[in-house]
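Undergrad: Read off the chains here:
Number of protein chains: 2
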Amino acid sequence: MTRSRTPEGTRGRILETAERMFAEHGVFSVSNRQISDEAGLGNNTAVSYHFGSKAELVRAIYLRHSAPMEVLREKALDEHAGSTDLRDWLGCVVRPFTGHLASLGRNSWYARFAAQLTTEPKLRELGLVDVGQTSLQRTITAALHRCLPDLAPAVRAERDEMARTLIVHMCARREADLPEDSAEMWDATATGLVDALAGLYLAPATFKSIN
Amino acid sequence: MTRSRTPEGTRGRILETAERMFAEHGVFSVSNRQISDEAGLGNNTAVSYHFGSKAELVRAIYLRHSAPMEVLREKALDEHAGSTDLRDWLGCVVRPFTGHLASLGRNSWYARFAAQLTTEPKLRELGLVDVGQTSLQRTITAALHRCLPDLAPAVRAERDEMARTLIVHMCARREADLPEDSAEMWDATATGLVDALAGLYLAPATFKSIN
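Each protein sequence line maps, in turn, to chains A and B.
Just so we're aligned: 198 in full-length UniProt numbering is position 198 of the first sequence, and the numbers increase by one with no gaps anywhere.
Just so we're aligned: 124 in full-length UniProt numbering is position 124 of the second sequence, and the numbers increase by one with no gaps anywhere.
These are computed hints drawn from the structure, not numbers from a lab.
These numbers come from a predicted model, not from an experiment.
Incorrect hints may have been included.
[Claimed, not checked] Here are the simulated distance ranges between beta carbons:
id: 1; chain 1: B; residue 1: 42; chain 2: A; residue 2: 64; range: 40 to 48 Å
id: 2; chain 1: B; residue 1: 202; chain 2: A; residue 2: 83; range: 19 to 27 Å
id: 3; chain 1: A; residue 1: 49; chain 2: B; residue 2: 68; range: 47 to 55 Å
id: 4; chain 1: A; residue 1: 68; chain 2: B; residue 2: 11; range: 37 to 45 Å
id: 5; chain 1: B; residue 1: 179; chain 2: A; residue 2: 79; range: 39 to 47 Å
id: 6; chain 1: A; residue 1: 184; chain 2: B; residue 2: 177; range: 36 to 44 Å
id: 7; chain 1: A; residue 1: 103; chain 2: B; residue 2: 202; range: 28 to 36 Å
id: 8; chain 1: A; residue 1: 16; chain 2: B; residue 2: 63; range: 48 to 56 Å
id: 9; chain 1: B; residue 1: 138; chain 2: A; residue 2: 122; range: 46 to 54 Å
id: 10; chain 1: A; residue 1: 64; chain 2: B; residue 2: 85; range: 28 to 36 Å
id: 11; chain 1: B; residue 1: 34; chain 2: A; residue 2: 202; range: 41 to 49 Å
id: 12; chain 1: B; residue 1: 78; chain 2: A; residue 2: 67; range: 52 to 60 Å
[Unchecked claim] Computed footprint of chain B on chain A, listed as stretches where at least three residues anywhere in the stretch have a Cβ under 8 Å from a Cβ of chain B:
id: 13; segment: 18 to 28
id: 14; segment: 147 to 159
id: 15; segment: 164 to 173
[As the list claims (entries may be wrong)] Below, in silico cross-link-like pairs of lysine-lysine (DSBU-like), each with a Cα-Cα straight-line distance of 35 Å or less:
id: 16; chain 1: B; residue 1: 75; chain 2: A; residue 2: 54
id: 17; chain 1: B; residue 1: 122; chain 2: B; residue 2: 75
id: 18; chain 1: B; residue 1: 54; chain 2: A; residue 2: 75
id: 19; chain 1: B; residue 1: 75; chain 2: B; residue 2: 54
id: 20; chain 1: A; residue 1: 122; chain 2: B; residue 2: 54
Virtual Cβ for every residue (Gly too), placed ideally from N, Cα, C.
Only chain A is shown next, with the shape it has when bound in the complex (with noise of 0.2 Å):
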């Protein structure tokens, strides 16, 4: 790899350092200044210098991720609208992900990261993931709830938030143990997640008295 010595040069490869290294060895077992080594910068307030605080390091790689996310989410909100099919919203919530994951092919550690995201303490006070939902993701939850009419809203809330948690910790395992054919793999773990999730989301709930 030529190293470019340009700003933007610099700041692309210490997102995609700090992206592999807080992925394998999490997000706050990670120096600003071991990240700077492993990107060769010699200049170990580099990270600092372009990023400020590891919590605007953290944002500007989820921002990273989120733009061709929402790419994804727009085609299948187009291809899916008007749908009242809860596979098909379904299909909506995983497959940007599960797509944008296969579009990295063998230099894929955005999973492990959003996982810690949406687990770490101190990181889901970022509000990156979980509360900061986009638009787009407000509109095709909306249309998958729309499925779900009889389901009350404290069990459709718990289970928005299993399916949540399903999605982004059974990517990070398959990341962790990525095949050759990775794209095969994520389009097959889609479809098991959209499968099982339809079951999930679709069970009768037991009444309960608190919620």
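Given the structure of chain A, go ahead and fit chain B onto it with the hints provided.
TA: Just chain B now, with coordinates in the frame of chain A:
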């Protein structure tokens, strides 16, 4: 709290402190020295002295919780012996975990620790979760599988993995936001999981050319 000066007291204090710090900050973000400091031991080689490596410390925390869960598992198995109801066996999978967490009251850190055991590559290598199923767990899994005679083995294995992933990560999320009446919350969480997992396991599977 009276601080015991016996070796057993020191060992227990290290275990409790380490578990809480691992849950809150991540197993790889906490050093043995920080654990010694936080446990008020003054001697920053105490952790190494009592446990050797961090892997041994992680194993000791795991074993401290696996024993009481096995007791709950045995009771659940006795209660449902001979049942052919999928929900009974899902209860045997879910409730020994949520029941044990409920028994910990406000001092519950284990779900977040267990979530890391199933997620972190370096911790998964220890083979404590996933791989290291006890014979009671294998008996429960076999009984659960007998309720699903029409599910292809590859799909069943995928859904077993989804179920394990969902249980541990949902419990980790609930534990991080523990209400005053945690026993009632854990019972409701278990009911919600059994409902959702019954749907997940029973959902029709799309034919896939791979697997």
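Undergrad: All the hints need checking, so say for each whether the structure fits it.
TA: Evaluation of the provided hints:
1. B:42 with A:64: 40 to 48 Å: Check passed, 46 Å falls within 40 to 48 Å.
2. B:202 with A:83: 19 to 27 Å: Because 23 Å falls inside the window, the suggested range holds.
3. A:49 with B:68: 47 to 55 Å: holds, 51 Å
4. A:68 with B:11: 37 to 45 Å: violated, 51 Å
5. B:179 with A:79: 39 to 47 Å: holds, 41 Å
6. A:184 with B:177: 36 to 44 Å: Roughly 38 Å apart at Cβ, these two residues keep to the hinted range, so it holds.
7. A:103 with B:202: 28 to 36 Å: holds, 33 Å
8. A:16 with B:63: 48 to 56 Å: Check failed, 40 Å falls outside 48 to 56 Å.
9. B:138 with A:122: 46 to 54 Å: Given a distance of about 37 Å, which is not inside 46 to 54 Å, the answer is violated.
10. A:64 with B:85: 28 to 36 Å: violated, 48 Å
11. B:34 with A:202: 41 to 49 Å: Since residue 34 of chain B and residue 202 of chain A have Cβ atoms about 47 Å apart, the given range 41 to 49 Å holds.
12. B:78 with A:67: 52 to 60 Å: Hint holds: Cβ distance 55 Å, inside 52 to 60 Å.
13. 18 to 28: holds (count 4)
14. 147 to 159: Holds: 3 residues of the segment 147 to 159 of chain A have a Cβ under 8 Å from chain B.
15. 164 to 173: That given contact holds, which follows from 6 residues of the segment 164 to 173 of chain A lying within Cβ reach (below 8 Å) of chain B.
16. B:75 with A:54: violated, 48 Å
17. B:122 with B:75: Holds, at about 33 Å.
18. B:54 with A:75: Between residue 54 of chain B and residue 75 of chain A the Cα gap is close to 48 Å, so the pair fails against 35 Å, i.e. violated.
19. B:75 with B:54: holds, 33 Å
20. A:122 with B:54: holds, 23 Å
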